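Here is how the chains run, residue by residue.
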Amino acid sequence: MLDEGLKKRIHNEMANATVKILVADEFQGSGVFITQDGYVLTAYHCIGEYPPTITIETRFGEKFNAELDEAKSLKHANYDIAVLKISEQVEHYLPLGTISTQNVTDDVVAMGYPAGDKPGHDKIGFFFSKISQIRADNKIQIPDAIKGRGQSGGPVYHYATKRVIGLATEGYHQEVIMDTGLATRFDVLFEKWPALEIINHKVVQVWEKRLLALSVTKNEERLSRQFFSQNPQAKRELINAILACPSMKDSHQRQTIIQQLPSQMAENIPSLPQARTHVINIVDTCSNFSGGLKEFIEAIRSFDDGTEQMQVVDALIETKF
Amino acid sequence: MDQEQQTLIKAYLSDESKLYQDWYHGLNPQTPDPSTVPFASLPSVGAVKQRFQKWVEKNHAWLKQKICVEWGYSRKHEKFQTQEMLILALTADGLTAALPIPSATLAAMSILVAERHLDKMCTECAKE
Chain A
1 MLDEGLKKRI HNEMANATVK ILVADEFQGS GVFITQDGYV LTAYHCIGEY
51 PPTITIETRF GEKFNAELDE AKSLKHANYD IAVLKISEQV EHYLPLGTIS
101 TQNVTDDVVA MGYPAGDKPG HDKIGFFFSK ISQIRADNKI QIPDAIKGRG
151 QSGGPVYHYA TKRVIGLATE GYHQEVIMDT GLATRFDVLF EKWPALEIIN
201 HKVVQVWEKR LLALSVTKNE ERLSRQFFSQ NPQAKRELIN AILACPSMKD
251 SHQRQTIIQQ LPSQMAENIP SLPQARTHVI NIVDTCSNFS GGLKEFIEAI
301 RSFDDGTEQM QVVDALIETK F
Chain B
1 MDQEQQTLIK AYLSDESKLY QDWYHGLNPQ TPDPSTVPFA SLPSVGAVKQ
51 RFQKWVEKNH AWLKQKICVE WGYSRKHEKF QTQEMLILAL TADGLTAALP
101 IPSATLAAMS ILVAERHLDK MCTECAKE
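Chains as they are written, first to last, in our numbering: chain A, 1 to 321; chain B, 1 to 128.
Please note that the accuracy of each hint is not assured.
In silico PhoX-like pairs for lysine-lysine, Cα to Cα no more than 25 Å straight-line [to be verified]:
| id | chain 1 | residue 1 | chain 2 | residue 2 |
| --- | --- | --- | --- | --- |
| 1 | B | LYS49 | A | LYS118 |
| 2 | A | LYS123 | A | LYS162 |
| 3 | A | LYS294 | A | LYS235 |
| 4 | A | LYS72 | B | LYS54 |
| 5 | A | LYS118 | B | LYS127 |
| 6 | B | LYS54 | A | LYS75 |
| 7 | B | LYS49 | A | LYS63 |
| 8 | B | LYS58 | A | LYS72 |
| 9 | A | LYS75 | B | LYS76 |
| 10 | A | LYS249 | A | LYS7 |
| 11 | A | LYS63 | B | LYS54 |
| 12 | A | LYS85 | B | LYS76 |
FYI, nobody ran anything at the bench for these hints, they're computed from the structure.
Predicted, not measured: the structure shown is a model, and the values here were computed from it.
When you get a sec, could you build the whole thing from the sequences and use the hints?
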């Protein structure tokens, strides 16, 4: 189960890879970067036949000219996918995946720019839901997440597989099914573009690393004054575990460890003879700085690496923070 | 003369927006499932005009051969008193059926005439 903070960071990463698609300088729909070298997917009907110019706009306002790769694109009724390419390298991109009927009821988030051409709707939207069915025509049916014109081509991310599993393409008429949309799947894209399997595998590896880095950041955020003020028990446990470390028992060693910290932190920590008072003081000061407590713990490790007490500190951080 | 076609051409010539939107939708069919609607934004008439221009450029050689050379546009077009009659004549001679697009051929022919694409194209052709 992902905690809310980590989910937000993942959503932010996904939003960075989600783009607006403009044809003839007019907003048409949404899209997503899928490789570092600038491949973008969107719904084919966002591009259409004889597009005069295609532009990709990121959430940071950067604009890139794009070319439609007809050979890789799918104009099929059930697979509505345009493959676009820009000539720049990009920092944010997402891996693709496929799902089966066993994934029905799984959690997903759909992203994009519904009503993106209307004033006040130029920011990316996140819409959380569950897969309600895989239709006979292979489209993924999702209630309450595919909201309106402009979202076509936006990615649908599946939390369980950690992949983008479809692109929003259409919505039911309100009199048929209320507020429910469809997404096109990638199975046939992988068949039409065989190299995509290898390309995507590399993207998967990058994404897995990115997710790991995001969850490490989670610890850093939690090792903060704000977290401690809401969780005093966790703070006490951490102080006790640090106090048990051999280096913390000696005031000179504590001082040496403090000297390893960045000067803005070290200068704010007084030298105190009593170990518990001193450690509480260090923890309080370090928790005021982003990543400060993590730096303190790494400094302790330089003395106590491999000890049982250090392992207790690591286990505590891993499980409680 | 097909009354339905005549009415549609009249509507096209008096409503530029309908003319271009019909051409666009003919070129880019809606979802095959009638219970759903695609969620792309609808392009403005200006954007569809640019798309039409691209279509003309891509099919320039074909249009020139069929309409300027084989149909003899430069010789014939002045015989028709109205654009509507000209479009109908072009249509009646089977040219729309042979246009290199799957549908909305009547709209395409109407734009070619109304926007004077054929005047320009066939004048150039006659000079060559």
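Hint check:
no.: 1; hint: B:LYS49 to A:LYS118; verdict: holds (22 Å)
no.: 2; hint: A:LYS123 to A:LYS162; verdict: holds (24 Å)
no.: 3; hint: A:LYS294 to A:LYS235; verdict: holds (14 Å)
no.: 4; hint: A:LYS72 to B:LYS54; verdict: holds (21 Å)
no.: 5; hint: A:LYS118 to B:LYS127; verdict: violated (48 Å)
no.: 6; hint: B:LYS54 to A:LYS75; verdict: holds (19 Å)
no.: 7; hint: B:LYS49 to A:LYS63; verdict: holds (23 Å)
no.: 8; hint: B:LYS58 to A:LYS72; verdict: holds (21 Å)
no.: 9; hint: A:LYS75 to B:LYS76; verdict: violated (39 Å)
no.: 10; hint: A:LYS249 to A:LYS7; verdict: violated (39 Å)
no.: 11; hint: A:LYS63 to B:LYS54; verdict: holds (22 Å)
no.: 12; hint: A:LYS85 to B:LYS76; verdict: violated (46 Å)
Violated hints for the displayed structure, listed by number in ascending order: 5, 9, 10, 12.
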